[in-house]
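Colleague: Spelled out, the chains give:
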Amino acid sequence: MTTPKLSLRAVRKSFGTNTVLDGIDLDVAPGEVITLIGASGSGKSTLLRCSNLLEPIDDGAILFDGDDIAEPGLDADPIRRRIGMVFQSFNLFPHMSVTKNVAIGPRKVLGVDKATANAIAVELLARFGLTDRADAYPDQLSGGQQQRVAIARSLAMGPEVMLLDEITSALDPELVGEVLDVVRGLKADGMTMLFATHEMAFAREISDRVCFLHRGRILEQGSPEQIFGDPQEQRTREFLQRVIDAGRL
Amino acid sequence: MDSQTRREAYEQRQRRRSIVIASASTAVVIATIAVLVPRAPRWDRVKKSFFDGDIFADSFPRLLEAFWLDIKIFAWSVPLIFALSLAIAVSRNTRSPALFPLRAAAVIYTDVFRGIPVILTIFLVGFGVPGLFESRAWSNPLIWGSAALILSYSAYVSEEIRAGIEGVHESQRAAARSLGMTSTQTMASVVLPQALRRIVPPMMNSLVSLQKDVALVSLIGPVEILRQAGLDKSKLANFTPYVAAAVIFLMVTIPCTRLADYLLNRERRRTGATSVS
Amino acid sequence: MRSNKLMAVAVITTLVLAACGSDDASTSDATADTEPPTTEAAAGDACSNTIEDGVLTIATGNPAFFPWVIDDAPESGQGFEAAVALAVGEQMGYSGDSVTWVRTDFDAAIQPGAKDFDFNLQQFSITDERKETVDFSAPYYTANQAIVALNGSSAEGAASIADLKDVKFGAQAGTTSFAFITDVIQPTQDVFAYDDNVGAKAALEANQIDAAVFDLPTALYVSGVEIDGSSVVGQFPAAAGGTTDEFGLLLEKDSPLTPCVNAALQALSESGELAAITNEWLSEFTGAPVISE
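Residue numbers (the numbering used here), protein chains in the order written: chain A, 1 to 249; chain B, 1 to 277; chain C, 1 to 293.
Chain A on its own, in the form it takes in the complex (with noise of 0.2 Å):
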C-alpha cells in the first residue's frame, strides 16, 4: 500500500458565509490521474487551488507525501514548486517571451542558470510543437497555443503533481484538441494529475478515477466507467443527464 501522492482529509473551506468545501476526502495515488466534475459553484476550482495552498483551508489536513502541508504559518514556496498547476485563462505572464515565461520559473526558484534554463524551455516547447514560438509574446499567440505554454511553464519546474483547473474550458473548440494531446502525453509518462474538467469524453478516456462533486462533497467517486455508465447517485445521473443532453457526451 504506497502512500498516496497527495492526500486531502476532511478539508473545509468557506469564503465568508459561503462553504464552498464542505468536508472533502481524497487519495491520489503516485501516477493516478483523477477526473473532477461538477456543477459550477461545485468546488472543483477551490479544491485545486486549495491544493497547492493558493487558499489557505480552514479545517482539514493536506498530506504531501505523507507531510501535512496545511498547517497554518508554514512557508508555502518550496511545497509549490513541487505542484503544478495549469489554469483556465492561462494568466502567461504577458511582459515576457514565450521562452522566458517557460525559463523563468526554473531560474527564479530553483536558481538554474540562464543556459540550463533556457535548453529546459527550448527542450518543453519542442515536445509541444512550439519551437517555431518562441520568441514570440503571449499576445501573439492562440488560445491553445498560450495554454501549451502555459502547462510548459508549469513542468519546467519537474512537479511531481499537476493540478489542471478547466484548462480547455476558453478555448475554441478545434483549438482544445492540441492540449488534450499535450495530456495524454503527461499522463503517458506517468505524471500524477488531479483535473476538473467539462470535457466528458476526454474524462472518460484518460482518467483513472472521476469524482463527482456536489455542493462541496465529494457525493460520488468512481472508475470512469462505473460513473459514466452506471451513476448510482440520483444528482450525478441528473448532472449526466444535463451534460448529454447538451450534446457533450
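Note that these hints are calculated values from the structure, not bench results. Backbone N, C-alpha and C define an ideal beta-carbon position, used for all residues, glycine too. One thing to keep in mind: the hints can contain errors.
[As the list claims (entries may be wrong)] Computed list of lysine-lysine pairs in BS3-like fashion (alpha-carbon distance at most 30 Å, straight line): (1) K235/B x K131/C; (2) K187/A x K108/A; (3) K72/B x K212/B; (4) K131/C x K47/B; (5) K212/B x K48/B; (6) K187/A x K114/A; (7) K131/C x K48/B; (8) K5/A x K187/A; (9) K253/C x K47/B; (10) K100/A x K114/A; (11) K235/B x K165/C; (12) K108/A x K5/A; (13) K253/C x K235/B; (14) K100/A x K187/A; (15) K253/C x K48/B; (16) K212/B x K235/B; (17) K47/B x K212/B; (18) K165/C x K72/B; (19) K72/B x K235/B.
[Claimed, not checked] Covered stretches of chain A, going by a simulated chain B footprint (3 or more residues, C-beta under 8 Å): (20) 83 to 91; (21) 95 to 109; (22) 152 to 158.
[Said to hold, decoys possible] Partial chain C-side listing against chain B, Cβ under 10 Å, derived: (23) D107; (24) Q111; (25) K131; (26) E132; (27) V134; (28) G170; (29) F178; (30) A179; (31) A206.
Given chain A, put chains B and C in place with the hints provided.
Modeller: What follows is chains B and C alone, placed relative to chain A:
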C-alpha cells in the same frame, strides 16, 4: 470590391474637403488675430512690456544658463523620486502583519506630503532643516530644496505606482506563486514590470509637472531660470524676460508631452484597444 | 427731423454746462494751500490732479516693515516713510480724512501702466531703468548699502571689497542691494536671491549664506533686533563705487502730480522738517564700520 473602391473614393473626397475647410478657417483665424490684436488700443504698450525683441535677445543667454540649474535639479531628483516612490508603493502593498508599522508609515507619509503644498514643503524643509547643521556643505539649499521636491513628488508618484500594481490582475500573482515564486520574486519579476508599463503616461504627467515645480527652489536662494527672469524683469522694468523663460520651458516640456502621448498610444495599440469612429 | 435738432441742442447744452461745471469744481476745490512763495500759482491746480477727486491716495508695501512703517499701520504716521508721506501730503494740501492708503507689490508698482495710487513709497531706489517706465520724485532719503553677518563669519573684519570676495552672499532679488553684490563686490561664489528680506534673514540663520546685504536702516534693525549673534559688518559709502540708494516717491509716468510732489519735498527739506523726520525715525543711524574699496 466595388463597394471598397466606392468607400475609398468617398473618403478621399471627404478628406480633401476637410483639408480645405481646415486651412481656410485657420487662415481666417490667424488673419483676424494678426489684424485685430495690433489695433487694440494699448497693444504698443503691451508689446513693449512683454515682447521687446532687444530685451528678449539680451535675456535669453542668461536665462539659458540659469535653466541649466533647473535641469540639474530635475536630473538628480527624478531617480530619487522614483526610488522612494517604489519603496513606498511596495511598502503599502505588503500583506504580512509584522510589517504593519511600515505600511502605516507609508500611508501617513503619502497623506502628509500630498496634503501640503509644495511651496510650504520647500520653505519648511529648505530653511528649517539646514538650521540644524553646522557645516555649510550640509545646509546647502540645493540639497534641501531638492529633498523637499523629492518628498512631495514621491507622495504622488507612489500612488500612481500603487494604482499600477493594483491594476495587475490577481491571476498573475496566482500563476507566479504557483510556480513557487516568493512574494518578493513575484513583485519584482511579474507584478512591477507590468505595473510600470501601465503607468508611464500618468508618470510622464508628473514629470512634466516636476519640470515646472523645480523653479520653486528659487524661493530659498539658488538663482535658477524663474528667479533670473525675475531679476531681469526688475532690472529692466520689463516682462519680456518671463516670455523668454516661458519659451525655454516649452522647448523642454513640449517634446516631453509629445513623448508621453506617443508612449500612451503605443501602449494602447499594443494592448489591442480598438477605437470606434 | 425735429427730434434730431432737439437732440443736437440737448447735446450742446450738456457739453456747455459740463464745461462750466468743471470750472466751478476746480475753483471751489482750491482750498487754502500753504504754498511757499517760490512755487507758481499753477502748482495749486496741479496738486489737485489726484486719481480720486479731493483725496490723496498713497501706496506702500504689503506688509510694510519697520522702521519705514510701524506695526504695518501707515495711517498712523508712525514710521519713517509713513511720516514723510503724510508730511508731503500736508504740503500738497491733503490731510486727515483726505488721505487714504493702499498697498501694492514692489515689482508691480515699477511696471509701466496706469496706477491706482497718486504716489508710492516703499524704499524705491531711483534708477535710470526704472525712470523709463515710472516717474520719481526728488530723493527723500539716501541710504548706504550695509552687510549683516553672523558673528564669526568669514565676512567679519573685512576692511575692503577684496576681503569680501570669497564670502557667500544673499539679498532680496531685484533690489539695488542685490545689484551691489553682483556688480560691485563680484564675489566668487554664486549669489543667492530671495523674494524678500525675510528669506535672506532665514538663509543667514540657516547657515546657507555668510552675509546678507540690506540698506543700512534695515541692516541695523536685522542685526540689532531680529537675529541674535549677528552684526552690521560694514557699510559702503557711495565712494566705494556702488550705487548709493536714493529713495524717491514713485508716480505714474508723466504724472501731473510730480512737480507738486517735488515742490512739497523741497519745502520740507528747506524747512528742516525732512531732516527732523529722518532723525526721529532712523535714530539708530549710528555708525557701522565703513568699508572702502
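Colleague: Per the CB criterion, is A179/C less than 10 Å away from chain B?
Modeller: It holds, given that the least Cβ distance between A179/C and chain B is near 7 Å, below 10 Å.
Colleague: Is the shortest C-beta separation between V134/C and chain B less than 10 Å?
Modeller: Result: holds, 8 Å to nearest chain B Cβ.
Colleague: Hint check: K253/C vs K48/B, CA-CA at most 30 Å. Holds or violated?
Modeller: Roughly 15 Å separates the two Cα atoms, so the pair holds.
Colleague: May I ask you to test the interface hint for A206/C with respect to chain B, counting a Cβ-Cβ separation under 10 Å as satisfied?
Modeller: Nearest chain B Cβ about 4 Å off; hint holds.
Colleague: Would the pair K187/A and K108/A pass a check requiring their Cα atoms to be no farther apart than 30 Å?
Modeller: The hint holds at about 27 Å.
Colleague: For the pair we were handed, K165/C and K72/B, check the Cα-Cα distance against 30 Å.
Modeller: OK: K165/C and K72/B at ~26 Å, within 30 Å.
Colleague: Would you check the hint for K131/C and K47/B, treating anything up to 30 Å between C-alpha atoms as holding?
Modeller: holds (19 Å)
Colleague: Just to be careful, I want the Cα atoms of K253/C and K47/B compared with a cutoff of 30 Å; is the pair within it?
Modeller: With a Cα-Cα distance of about 17 Å, the restraint between K253/C and K47/B holds, given a limit of 30 Å.
Colleague: Decide if the proposed pair is consistent with the structure: K235/B and K131/C, CA atoms, cutoff 30 Å inclusive.
Modeller: holds (11 Å)
Colleague: Taking only the CA atoms, is the gap from K47/B to K212/B under or equal to 30 Å?
Modeller: With a Cα-Cα distance of about 25 Å, the restraint between K47/B and K212/B holds, given a limit of 30 Å.
Colleague: Is K253/C close enough to K235/B, meaning Cα to Cα at most 30 Å?
Modeller: holds (17 Å)
Colleague: With 10 Å as the cut and Cβ atoms as the points, is E132/C at the interface with chain B?
Modeller: holds (6 Å)
In this structure, none of the earlier numbered hints is contradicted; all agree with it.
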